[in-house]
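Visitor: Each chain, letter by letter, is given below.
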Amino acid sequence: MARTITYQQAINEALRQEMERDPRVIVMGEDNAGGAGSPGEQDAWGGVLGVTKGLYPRFPDRVLDTPISESGFIGAAIGAAVAGMRPVAELMFVDFMGVCFDQIFNQAAKFKYMFGGKAETPVVIRTMIGAGFRAAAQHSQMLTSIFTHVPGLKVACPATPYDAKGLLIQSIRDNDPVIFCEHKLLYGLKGDVPEESYTVPFGEANVVREGKSVTVVAYGRMVHFAVQAAGELAKKKIDCEVIDLRTTSPMDEATILESAEKTGRVVVVDEANPRCSLATDVAALVAEKAFRSLKAPVERVTAPHVPVPFSDALEDLYIPSPAKIGAAVERVANYH
Amino acid sequence: MPAIHSITVPKWGLSMEKGRLTAWHRQVGDRVSPGDEICDVETDKISGGLEVNVGGVLRRQLAQEGDELPVGALVAVVADAEVPEAEVDAVVAAFQASFVPAAAAGEGEGAQPQKIEIGGRRIRYLKRGERGDPVLLLHGFGGDLGNWLFNHDALADKHAVYALDLPGHGESSKDVGAGTLDELAAVVTAFLETVGVESAHLVGHSLGGAVALAMASSTPKRVRSLSLICSAGLGREINAGYIDGFVRATTRNALRPCVAQLYAQETLVTRQLVDDLLKYKRLEGVDAALRKLADNLFPGGTQRSLFRDALASTRIPVLVVWGGKDRIIPASQADGLPGHVRVEVLPDAGHMVQVEAAGAVNRLLASFIR
Chain A
1 MARTITYQQA
11 INEALRQEME
21 RDPRVIVMGE
31 DNAGGAGSPG
41 EQDAWGGVLG
51 VTKGLYPRFP
61 DRVLDTPISE
71 SGFIGAAIGA
81 AVAGMRPVAE
91 LMFVDFMGVC
101 FDQIFNQAAK
111 FKYMFGGKAE
121 TPVVIRTMIG
131 AGFRAAAQHS
141 QMLTSIFTHV
151 PGLKVACPAT
161 PYDAKGLLIQ
171 SIRDNDPVIF
181 CEHKLLYGLK
191 GDVPEESYTV
201 PFGEANVVRE
211 GKSVTVVAYG
221 RMVHFAVQAA
231 GELAKKKIDC
241 EVIDLRTTSP
251 MDEATILESA
261 EKTGRVVVVD
271 EANPRCSLAT
281 DVAALVAEKA
291 FRSLKAPVER
301 VTAPHVPVPF
311 SDALEDLYIP
321 SPAKIGAAVE
331 RVANYH
Chain B
1 MPAIHSITVP
11 KWGLSMEKGR
21 LTAWHRQVGD
31 RVSPGDEICD
41 VETDKISGGL
51 EVNVGGVLRR
61 QLAQEGDELP
71 VGALVAVVAD
81 AEVPEAEVDA
91 VVAAFQASFV
101 PAAAAGEGEG
111 AQPQKIEIGG
121 RRIRYLKRGE
131 RGDPVLLLHG
141 FGGDLGNWLF
151 NHDALADKHA
161 VYALDLPGHG
171 ESSKDVGAGT
181 LDELAAVVTA
191 FLETVGVESA
201 HLVGHSLGGA
211 VALAMASSTP
221 KRVRSLSLIC
231 SAGLGREINA
241 GYIDGFVRAT
251 TRNALRPCVA
261 QLYAQETLVT
271 RQLVDDLLKY
281 KRLEGVDAAL
291 RKLADNLFPG
301 GTQRSLFRDA
311 LASTRIPVLV
321 VWGGKDRIIP
331 ASQADGLPGH
341 VRVEVLPDAG
351 HMVQVEAAGA
361 VNRLLASFIR
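So the protein sequences, as listed, match chains A and B. Heads up: the first sequence is residues 1 to 336, going by my numbering. Heads up: the second sequence is residues 1 to 370, going by my numbering.
Derived from the structure by calculation, the hints contain no laboratory data. Incorrect hints may appear among the rest.
[Unchecked claim] FRET-style restraints, in silico, Cβ to Cβ:
1) G55/B - K212/A: 39 to 45 Å
2) P57/A - K221/B: 48 to 54 Å
3) D276/B - A254/A: 20 to 26 Å
Remember, it's a predicted structure, so these values are computed and weren't measured experimentally. Think of the CB as a built atom: it goes at the ideal place given N, C-alpha and C, for glycine as much as any other residue.
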C-alpha cells in the first residue's frame with residue numbers, strides 16, 4: 001500500500017527521484033535553492049511555498065537560484081534544454097508568464113518545427129495556478145487555456161498527489177516543452193503515492209467516478225468540486241460520471257466523447273474565465289463530434305469574465321462551487 | 001442456551017473501511033447453513049458474498065440494499081428458531097450500543113505489510129496470525145499479496161499466515177534477476193529463512209503454484225504441504241493471449257477486457273481493480289520484469305516447466321483446487337494427476353477461484369492444512 005503524502009511532497013519527490021536518475025535534470029527558479037551564494041541558512045526556503053525544499057543540500061550544483069527576471073531565466077532554461085540538459089524551471093505564479101511569452105511561445109514551442117525536427121526542447125516550466133489564495137488579481141489566474149492554445153507546448157494540470165508525481169516525471173522525460181500547472185490550494189491535499197518512480201502518460205483522462213446520467217468534465221482543483229457535487233447529486237438519483245482531463249494538451253478526446261455518447265448530457269467545469277477556455281473547447285468538441293448523442297445543451301460552469309477579486313467574499317463567489325456545479329448538472333439532467 | 005450469532009461487515013483488505021450492501025440473498029425467517037452467502041457486499045475495490053459460518057434461522061436484517069456500513073457493523077442476526085424475539089432484540093441493542101467503527105475509534109488497521117531485504121531485494125510481506133504451523137501464500141503472475149484478501153484472515157485463525165509480493169510484483173523490488181522459476185523459488189526460500197520459518201504449508205495460485213512446486217523439488221524439507229490453486233506447472237497450455245495482453249496493456253481500456261478473463265463473473269472487475277493494476281504496471285521496472293518473466297516462464301505462449309512427474313514421486317501432501325471456468329489455465333490440467341493428490345474443481349469459478357469462491361476455497365484449505 002502506498003503511503004499517504006501531500007501534493008507538494010509528491011512534486012518534491014518526483015524532482016528528487018528524477019535528479020537521482022538523470023544527471024541532466026536541473027532545477028532553477030527564484031529562491032529554489034534558498035539563497036545560494038548569500039550568507040545565512042541555505043535551503044531555507046525552496047521556492048516561494050517550499051516545493052523544492054531539501055533538493056539543494058542533495059544536489060548543490062544542480063539547484064540554481066535565479067534573479068527575479070522571468071524572461072531571463074526561462075530563456076536560460078530553454079537554452080539549456082536545447083543544449084542537452086533537462087531543466088525544470090519554476091515560474092512562481094502563472095500570472096508572471098507574460099514577461100517571457102516570447103521565450104515560451106515563439107522559441108521553445110517552435111524550435112522543433114523551425115529546425116526540421118532536429119532540435120528538441122525538453123524543458124519543464126512549473127508554475128502555480130488558481131484562485132482562492134486571497135492573493136488578488138495578479139497572483140490568482142487560471143491561464144491553462146493560453147498554453148493549451150499553442151501548438152508545440154504540452155500542458156499538465158494534476159488534481160491529485162498521485163497524478164502530480166507521475167505527470168511531473170513524465171514531463172521531465174518528455175522531449176517537448178511542458179507547462180506544468182500546480183494548483184496552490186492543492187499543495188496540502190493528501191493521497192496515496194507509491195514510493196517508487198512511475199509515470200502517468202499524457203493525453204489520458206482519468207474517469208474519477210463512473211456514472212450513467214451526466215458527464216462532468218473538469219481538471220485541476222475543480223475535479224474535487226465535481227466529485228463533491230456528484231456525491232450530493234447521487235442522493236437525488238443523478239448518477240454523474242466525472243472525468244479529470246489531467247493534461248489539457250494533449251487532451252483525451254476519446255474518453256470525453258465516449259462518456260458523452262453514453263450519457264448524452266455534459267457539463268464542463270473550468271476555474272478559468274469562460275472565453276476561449278477549456279470549458280469552451282470541450283463544449284465545442286462535444287457539440288461537434290457527439291451531437292447526435294446529446295439529449296440536452298452542454299453547460300459550462302466557469303468563473304465570470306472578470307479579474308479575480310481581492311475581497312474574500314467576492315473571490316469565493318468568483319470560483320465555481322460544488323453548489324453551482326450541482327445546479328448545472330441538475331438543469332442538464334432534467335432537460336427534456 | 002441456544003446461541004445468537006451476530007453477522008458483521010467483514011474487512012477485506014487493509015484499506016477497507018466500509019462496504020455497501022448491494023443485495024440480500026436470504027430473508028428473515030430463512031434457514032441458513034455454514035457456507036451460505038446471505039448478502040453481497042461491495043467496496044471500492046471488490047465485491048463479494050458475505051458468508052455465514054454458523055447455522056440457524058436468519059432472524060434480523062440490520063441493513064437495506066444500498067446501505068453503506070462501516071467494517072464491523074452489524075448486518076444480520078442468526079439464531080435458532082426457538083430463541084425468543086426479545087432475546088434477539090436484546091443482542092442487537094447491546095451490539096449497537098457498544099459498536100464504534102474502527103475508523104472513528106482511531107484504531108490502527110491491525111497488522112500492516114512489512115518490508116525486508118533479501119539478497120539485495122526488498123520484499124514486502126504481510127503476516128497474520130501467530131499460532132500453529134506457518135502457511136505461506138504465493139500469488140500469481142501480475143498479482144500481489146492482496147490477491148489473498150478473502151483468504152488470509154480465514155487461515156490466520158489456526159496458522160501464522162505469511163503472504164508476500166514476489167520479485168517484480170506489488171511493492172517488492174522489480175528486479176527479477178534471470179526471471180526463472182528457480183530464482184523466484186530461491187527468493188521465497190530465502191524469505192522463509194529470514195523470517196525464521198523452517199518449513200511451511202505452501203499455498204500457490206497460478207504462477208505462485210509453480211513456484212511452490214519448484215520449492216518442493218529443490219528444498220522439500222521446507223515444504224509441509226502443497227495447495228495448488230489454478231496452478232501453473234501442471235500442463236503446457238496457458239492462455240497466451242492473456243499473458244501477452246496483460247504485459248502489453250498500458251491503458252485502462254486495454255487492461256479491462258484482459259483482466260476480465262481472470263474471472264468467471266466479470267462484474268467483479270471494478271474500475272478500481274483495473275486502476276490499481278494500471279498503477280502497478282506503471283511503476284518503474286514493472287514492464288521489464290513482467291516481460292522477462294513471461295519470456296522465461298511462458299516462452300512461445302506455453303509453460304516451460306512441468307512438475308507432473310515430480311508430483312508422482314513426492315511424499316508431500318498435495319491439494320489441487322481449480323475453477324471449472326478458468327480461462328487462463330484450463331481445469332483439465334487437474335485431470336490424471338497421481339492418486340495421492342487430492343483434486344477439487346469448483347465448477348462455477350474462474351481463474352481467481354480464491355476470490356470468486358473464497359468460502360469454498362477457505363474450507364478446502366482449512367481441512368487440508370493440518
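Visitor: It remains to establish, for every hint, whether it holds in the given structure.
Guide: Hints, one by one, checked against the model:
no.: 1; hint: G55/B - K212/A: 39 to 45 Å; verdict: holds, 40 Å
no.: 2; hint: P57/A - K221/B: 48 to 54 Å; verdict: holds, 51 Å
no.: 3; hint: D276/B - A254/A: 20 to 26 Å; verdict: holds, 22 Å
Comparing the model with each numbered hint stated earlier shows that all of them hold.
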